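Numbering follows this note's numbering, with no gaps: position 182 of the sequence shown is 182.
The set of hints was computed from the structure by calculation and includes no laboratory data.
These numbers were taken from a predicted model, which means no experiment stands behind them.
Worth double-checking, as some hints may not be accurate.
Using C-beta positions, here's what the derived DEER-type ranges look like [what the hints assert, rightly or not]:
id, residue 1, residue 2, range
1, 21, 370, 26 to 32 Å
2, 433, 455, 30 to 36 Å
3, 214, 260, 20 to 26 Å
4, 433, 160, 25 to 31 Å
C-beta: ideal position from N, C-alpha, C; glycine also.
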Amino acid sequence: MQTPSIQSHLSHAEKDALILLLQEQIKALQEAVKQLQSRSNMNSRNSSRPPSSDGLNKPAPKSLRVAGEKPTGGQKGHTGSTLRQATQPDKVVVHGVPDQCQACHQELPFAYVSETRQVFDLPVLQFEVTEHHAMQAICSCGHVHTAEFPAGVNATVQYGPRAQAAMVHLNQNHAVSVQRTAALMEDFFGLPVSQATVLKAAMTSANILQPTVDAIGQAAVNADVLHADETGLRVAKTLHWLHVLATDTLTWMGCHPKRGGEAFNALALLGQFKGVLVHDGWLPYKALECQHALCNAHHLRELTYLLEEQDHAWAGDMIELLRHASHLDNLNCTDGQSPNYGSRKYQAEIRELRDLYEAILAQAQTDNPVAPSTGKRGRPKQSKATNLIGRLSDYADDVWRFMTQPDVPFTNNLAEQTVRMPKVKQKVCGCFRTLPGAQAYCVIRSYCATMHKQGANVFESLVAAFKGATPQPSFG
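Make the full structure from the sequences, and use the hints.
Set out below in structure tokens:
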């Protein structure tokens with residue numbers, strides 16, 4: 001931006017024009033500084049930025065939940081994991097007393113158990129080699145009879161299903177790198193494996209699990225409520241996108257070079273969905289022909305930014321209202337039963353909340369008018385507050401879907417939690433070297449996450465899959 005130098009020979013009119021030009025430049029610079037400051041003030045608490053972007057200046061944790069909504073500690077009915085004594089120990093070690101009294105040296109009578117203590121530990125882990133002998137016999141008539149090896153015993157030397165399942169479980173499901181997986185196999189079991197063996201086990205399991213994961217995806221889009229999200233992945237030196245679909249019992253993942261509608265069409269699942277899709281409000285989701293529910297955790301973070309960084313009082317009122325509505329919905333859902341959405345009392349509560357919602361938005365629109373057209377091409381740039389107000393107003397029914405339809409949650413946390421492990425995997429490994437490798441990860445992780453949600457032992461499920469009898473999740 002070039003500024004003319006002030007010359008003493010300028011006329012008054014030229015000086016006035018120069019002053020106006022400088023004022024415009026100062027205004028533009030102030031706006032640029034304001035935007036840069038707003039970016040630097042964004043973090044995972046008040047925007048959609050991931051916690052990993054906070055760096056060393058990570059903000060102090062501050063829950064968006066209403067104080068007192070849930071007691072601290074373990075919640076009522078949750079499954080505990082306290083270590084308790086086993087009724088049938090595997091081994092008993094008796095610690096006896098001396099034959100004579102240490103005080104008077106008389107012979108001691110019959111001893112009894114005064115106290116028991118138990119130590120839970122792991123046995124020595126060592127790989128086992130099973131040698132198969134195929135017998136052969138020749139009849140006197142000359143016919144040769146040769147026994148067949150069991151299914152899966154295909155090579156002179158090979159790794160068994162438990163060894164392969166352990167490699168896949170560590171490398172794919174728990175995001176351990178290929179090199180460290182090979183090292184752990186030797187450290188834990190004394191079994192030396194190469195990195196190529198780990199990769200081969202992953203590709204083999206992906207091929208085995210693919211039909212089951214296809215069925216998981218189809219079952220997900222047949223659900224009444226479905227959560228969706230996407231995140232970037234580095235694949236073969238380029239940016240790809242991980243797409244996830246999730247319900248309370250199912251998880252499906254897919255990888256595609258594109259993020260939006262083209263990926264939806266190629267993956268061929270979301271286009272079939274006709275229920276309620278919970279998402280973050282990204283535009284391609286809204287183009288899908290289904291009902292929508294917006295993630296209010298995103299709204300609360302954006303409102304927090306407007307309140308704390310830009311002093312918008314209406315944002316504080318909206319935060320309080322949405323939190324109260326969520327709390328009310330939780331209270332109405334008791335003992336796992338959905339409230340009677342058609343009752344007069346519940347409908348009256350919703351109308352009261354919606355009226356207050358509209359009143360807050362009306363005040364916000366008054367305080368933050370839409371920027372007028374500048375005469376240039378395209379829509380004029382709006383402030384963050386104006387954009388959020390517009391979305392909350394235009395998609396109000398989607399914001400309040402959690403109060404009006406059963407099983408629709410307040411947030412899209414289920415989908416956001418689904419993308420966490422793939423992001424951990426990428427942080428550990430840096431990237432996926434090939435697209436087939438990324439796709440194999442999506443298949444394996446989809447299966448493992450689904451089985452975990454349904455309470456199955458993931459490792460034993462992988463073992464069974466390598467044996468040729470893949471355990472099937474419940475698709476209902």
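Tell me the numbers of any earlier hints that the structure contravenes, in ascending order. none
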